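*Asks:* Listed below, chain by chain, are the residues.
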Amino acid sequence: MKKEKSDVIIEEVLKDEKLEYRAKTDETSEKGERLLSIDRFRGLCMFLMVCSFILPIFSCFNFLAPIIEHGADGFQVLPGVSFADLFAAMFIFVIGLTICKSFKSRERKYGTRRAYWQLAIKFLALIGIGILINGFENGWVDVFTGAKKFTELSIKIQIFAVMFWIAFALLIVFLISLAVKNEKFKKVSISMLRYFLAIAGVLALYFILVNTAEKITVPTDGERFGGWEWDTLQNIGLAGLMALPFVKFDKWGRLIMVSITFVVMTVLMQNGLFPLANKILEGGIFGGFSWAGILLLGSVFAELKDDKRYWIMSSLMLLISVVLIVAFGFTAAKRGCTPVYALFCASISSMIWGGLNFLNNWKPKFSFFAIWGSNAILTYILTLVISMLFGGLLETQMASLHPAAAVVIVLAILGLFTLMNWYLRKKNRFVRI
Amino acid sequence: MEKVEEAIIKNDRMLPIDDTDAKESKRIKSIDRFRGFCVFCMLIFQFLKNFPSLGILSRLADHSLSKGIIILPGMTLADIIAPAFIFAIGLTFTLSFTKWQRLYGTKHAIIHYLERALSIVGLGTFLDLCNKVLDSMSGYTLNAFDYTVLAFTIVAIIGLVLRLLALIPAWKKKLSVPAEHIFYVALSCMGIMNIIITTIDFFAIQNNFSAFRYDYWVTLQGIGFAILVAFPFVKSKWWVKLIGASAIFVAFTVFHQLGNNKAWLDVIVHGGTIGGFGWGAMLIFDMMIADFYFMKKRHISLALSAIFCTLGVFLTQWLGVINLGSCSPTFILVSVGLSGLIFFIFDYLDKYITWKFEFLVWWGKNPIIMFLVEFFVIGVYTTVMPESALSGASWWLAGIQGILAIVLLTAFAYLLARKKKSISL
Chain A
2 MKKEKSDVII EEVLKDEKLE YRAKTDETSE KGERLLSIDR FRGLCMFLMV CSFILPIFSC
62 FNFLAPIIEH GADGFQVLPG VSFADLFAAM FIFVIGLTIC KSFKSRERKY GTRRAYWQLA
122 IKFLALIGIG ILINGFENGW VDVFTGAKKF TELSIKIQIF AVMFWIAFAL LIVFLISLAV
182 KNEKFKKVSI SMLRYFLAIA GVLALYFILV NTAEKITVPT DGERFGGWEW DTLQNIGLAG
242 LMALPFVKFD KWGRLIMVSI TFVVMTVLMQ NGLFPLANKI LEGGIFGGFS WAGILLLGSV
302 FAELKDDKRY WIMSSLMLLI SVVLIVAFGF TAAKRGCTPV YALFCASISS MIWGGLNFLN
362 NWKPKFSFFA IWGSNAILTY ILTLVISMLF GGLLETQMAS LHPAAAVVIV LAILGLFTLM
422 NWYLRKKNRF VRI
Chain B
6 MEKVEEAIIK NDRMLPIDDT DAKESKRIKS IDRFRGFCVF CMLIFQFLKN FPSLGILSRL
66 ADHSLSKGII ILPGMTLADI IAPAFIFAIG LTFTLSFTKW QRLYGTKHAI IHYLERALSI
126 VGLGTFLDLC NKVLDSMSGY TLNAFDYTVL AFTIVAIIGL VLRLLALIPA WKKKLSVPAE
186 HIFYVALSCM GIMNIIITTI DFFAIQNNFS AFRYDYWVTL QGIGFAILVA FPFVKSKWWV
246 KLIGASAIFV AFTVFHQLGN NKAWLDVIVH GGTIGGFGWG AMLIFDMMIA DFYFMKKRHI
306 SLALSAIFCT LGVFLTQWLG VINLGSCSPT FILVSVGLSG LIFFIFDYLD KYITWKFEFL
366 VWWGKNPIIM FLVEFFVIGV YTTVMPESAL SGASWWLAGI QGILAIVLLT AFAYLLARKK
426 KSISL
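Going down the list, the protein sequences come from chains A and B. For the first sequence, my numbering gives the first residue as 2, with consecutive numbering after it. For the second sequence, my numbering gives the first residue as 6, with consecutive numbering after it.
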């Protein structure tokens, strides 16, 4: 029987969807099922990170400061490490849980070189998103609130502030392409957006590298050609980029690389590097080594999931980090990301994930954290937007808000995020770069 | 626990530490080796302490923070040896009891183990008495308690002599059982009395630091008392042990941290009877780790050891430094963990190394004899030798004495192991 044209189209669509779904589900078990523990852990990190962004906007939640404040203001789990300092590291650990599978699945489909390329672009784009949000936050918010004129902004901020609107326009074009349902148009628009973000990422890396070099060579001169703009998304992207050359190593190879890096960086941090790394959020390039270490350790633990050595490794890592920090006074800090901090966070993360793995067979209909973990990047970007809107533009109004109103707003934001994530998960839609 | 028992019945790999007179099959060498390591460290390092010219070697057994080798905040290398020995007891306690229970019945096993624990305390009392008698020659006046202990010691010695006479085949049937009863009961009574007067000591100290003290408490009493505290949990499942030990640990921690209790506990060696509850909690935690080890879940045992150690170091931020003297809560946790980690080094080495020279195994088979030898032989040696041969000795003379002590004691341990001779309580 001859197939109708419409049938062929439907088959093609189904085929594509299957492929796409496979590509999307990097977080699957051997049986092809999505590992709930990864989503749950990511959801837990996201929920904590969102709370740590939203709650400080309202002064009535000041009593929660020990839980949500970073550094010395928060509750000190270890000397130099607050409770809130654990969230970002845990999130990077979760990325590490899927990075190797993601690479392998791309490698199978597109070949090794393209897999590297795709992931490199992905991480550069992540840096790009972060730096463009910085361009808006440190540029346009100041301009809109009248704190500064555009010409008073540094050249770096001016560049990123302009690029922000270009990226915004490209995003609109991409959203239109989704509505038009023209595959070619869709492909071109998403590629343009992605590569534009990656270019922004390259620029951000360039500025921070130059500034790092300046700080080492002429530390008293301040900023000259480089820029110190850096934030969480840039940090995640950099960690991914730095970890990328090692994703094809086997787990022990990765572990050895992390161990060598941590030893070298610890020696350097204990002998004068830390004050410089501590000047920039998350340690910039220097901190990147340890953040990449956390990510790679996540990938090692992902492969040890059903291995007896999982708990031995995580507990010994925890022991080493706690002894070095508490007993021997090694410097531990999120800002600067010292290796002992990274080791501590990675071991805590591995223990939480190990615990969540025991719950993989428990599948309630409404799994709160699994829902929150399904669209992390989208949730994070929206959180940044909300915190900029409420904390930046409406800062004074929000700070003096009545506690009841603040509670309602916070619950509404959390509820909307839950609803959004639930809907997208239900529709099998995962926003990824 | 059923799994542990099954492990014994199926594999029959293991026999209790002191029950060498029972039919012995295979032993887990790493446990003997680990126990031997503890005894070796206790005895030899203690001996080397007499020779300052040996430098770092003479500091190995030093518990003081000014002289000892500090490994963690408040903790010297020497502080880990006694807990490691307790860990070795914890490793085999359940198996040993189970074996005894299977051979002689529950009631007999309970009586035997209670008697044994009290006898270990009693043996410590006896050693303390020996020191006091020696002190009496240089001016110390023996008190009523010393004389009471002396009386019980004479009874115990009578029991021991009768037991030796029972080695004569014609007298064996008649004398053996009553001799053992006399010996054990006398030692147990000494143990009970020691526990009472040490508790009195603790409350006397609370009123006045310089109050009159009986001062009868050293390592053996601490070990015996810890066994008594841990005994109710000997047959319980791992999670009961965990809950029980945690409850004792929390209660002890609260007590330790309140008021001046920490300082008072620090006055008596190892915290005395009150500190003994901390040692008891330590032993129960050790037994729990051992349960996983014998359930063939060694990875969990190792991970648990690391977690205990981590928790101990972690809590120093709020509970204070690791202090052997008062048996601080952080000391309990670190000791459990660190002892476990040391044991697992031996256990993992066993996998990859075939030992030809088993000297630690020989040392580990007869800890009680080695203890007594150290006390009497080395004790007498260091008392009678002139200062010029000890603290004034040059490094080479000290070295020769140290090597001789190691060689002779090892030869003695080897002979005992070869002849399968063992003294057990």
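What the hints contain is simulated information worked out from the structure, not anything from laboratory work. Do not take every clue at face value.
In silico DSS-like links for lysine-lysine, alpha-carbon gap of 25 Å or less [as the list claims (entries may be wrong)]: (1) B:K34 - A:K306; (2) A:K252 - B:K302; (3) B:K34 - B:K267; (4) B:K112 - B:K34; (5) B:K267 - B:K302; (6) B:K242 - A:K309; (7) A:K252 - B:K356; (8) B:K112 - A:K309; (9) A:K306 - B:K178; (10) A:K309 - B:K178; (11) B:K424 - A:K309; (12) B:K178 - A:K252; (13) A:K188 - A:K280.
What follows is a set of in silico ranges between Cβ atoms, one per label pair, in the way DEER data are often shown [stated by the list, open to error]: (14) B:L263 - A:K428: 54 to 62 Å; (15) B:V255 - A:G273: 26 to 34 Å; (16) B:L263 - A:F329: 26 to 34 Å; (17) B:S181 - A:G356: 31 to 39 Å; (18) B:L263 - A:K306: 41 to 49 Å; (19) A:T113 - B:E363: 25 to 33 Å; (20) B:L263 - A:S155: 32 to 40 Å; (21) B:A252 - A:R430: 27 to 35 Å; (22) A:D308 - B:V255: 27 to 35 Å; (23) B:V255 - A:P365: 32 to 40 Å; (24) A:G356 - B:Q322: 36 to 44 Å; (25) A:D74 - B:L263: 28 to 36 Å; (26) B:I201 - A:G356: 45 to 53 Å; (27) B:V255 - A:W363: 24 to 32 Å.
Note that the structure is predicted; figures quoted are calculated from it, not measured. All C-beta atoms in this analysis are idealised placements derived from N, C-alpha and C, irrespective of residue type, glycine included.
*Asks:* Each hint needs a verdict: does it hold in this structure or not?
*Replies:* Hints and how they fare:
{"no.": "1", "hint": "B:K34 - A:K306", "in the structure": "32 Å, violated"}
{"no.": "2", "hint": "A:K252 - B:K302", "in the structure": "23 Å, holds"}
{"no.": "3", "hint": "B:K34 - B:K267", "in the structure": "39 Å, violated"}
{"no.": "4", "hint": "B:K112 - B:K34", "in the structure": "30 Å, violated"}
{"no.": "5", "hint": "B:K267 - B:K302", "in the structure": "37 Å, violated"}
{"no.": "6", "hint": "B:K242 - A:K309", "in the structure": "22 Å, holds"}
{"no.": "7", "hint": "A:K252 - B:K356", "in the structure": "23 Å, holds"}
{"no.": "8", "hint": "B:K112 - A:K309", "in the structure": "39 Å, violated"}
{"no.": "9", "hint": "A:K306 - B:K178", "in the structure": "62 Å, violated"}
{"no.": "10", "hint": "A:K309 - B:K178", "in the structure": "54 Å, violated"}
{"no.": "11", "hint": "B:K424 - A:K309", "in the structure": "41 Å, violated"}
{"no.": "12", "hint": "B:K178 - A:K252", "in the structure": "67 Å, violated"}
{"no.": "13", "hint": "A:K188 - A:K280", "in the structure": "41 Å, violated"}
{"no.": "14", "hint": "B:L263 - A:K428: 54 to 62 Å", "in the structure": "59 Å, holds"}
{"no.": "15", "hint": "B:V255 - A:G273: 26 to 34 Å", "in the structure": "44 Å, violated"}
{"no.": "16", "hint": "B:L263 - A:F329: 26 to 34 Å", "in the structure": "30 Å, holds"}
{"no.": "17", "hint": "B:S181 - A:G356: 31 to 39 Å", "in the structure": "56 Å, violated"}
{"no.": "18", "hint": "B:L263 - A:K306: 41 to 49 Å", "in the structure": "44 Å, holds"}
{"no.": "19", "hint": "A:T113 - B:E363: 25 to 33 Å", "in the structure": "53 Å, violated"}
{"no.": "20", "hint": "B:L263 - A:S155: 32 to 40 Å", "in the structure": "58 Å, violated"}
{"no.": "21", "hint": "B:A252 - A:R430: 27 to 35 Å", "in the structure": "51 Å, violated"}
{"no.": "22", "hint": "A:D308 - B:V255: 27 to 35 Å", "in the structure": "34 Å, holds"}
{"no.": "23", "hint": "B:V255 - A:P365: 32 to 40 Å", "in the structure": "34 Å, holds"}
{"no.": "24", "hint": "A:G356 - B:Q322: 36 to 44 Å", "in the structure": "24 Å, violated"}
{"no.": "25", "hint": "A:D74 - B:L263: 28 to 36 Å", "in the structure": "31 Å, holds"}
{"no.": "26", "hint": "B:I201 - A:G356: 45 to 53 Å", "in the structure": "46 Å, holds"}
{"no.": "27", "hint": "B:V255 - A:W363: 24 to 32 Å", "in the structure": "30 Å, holds"}
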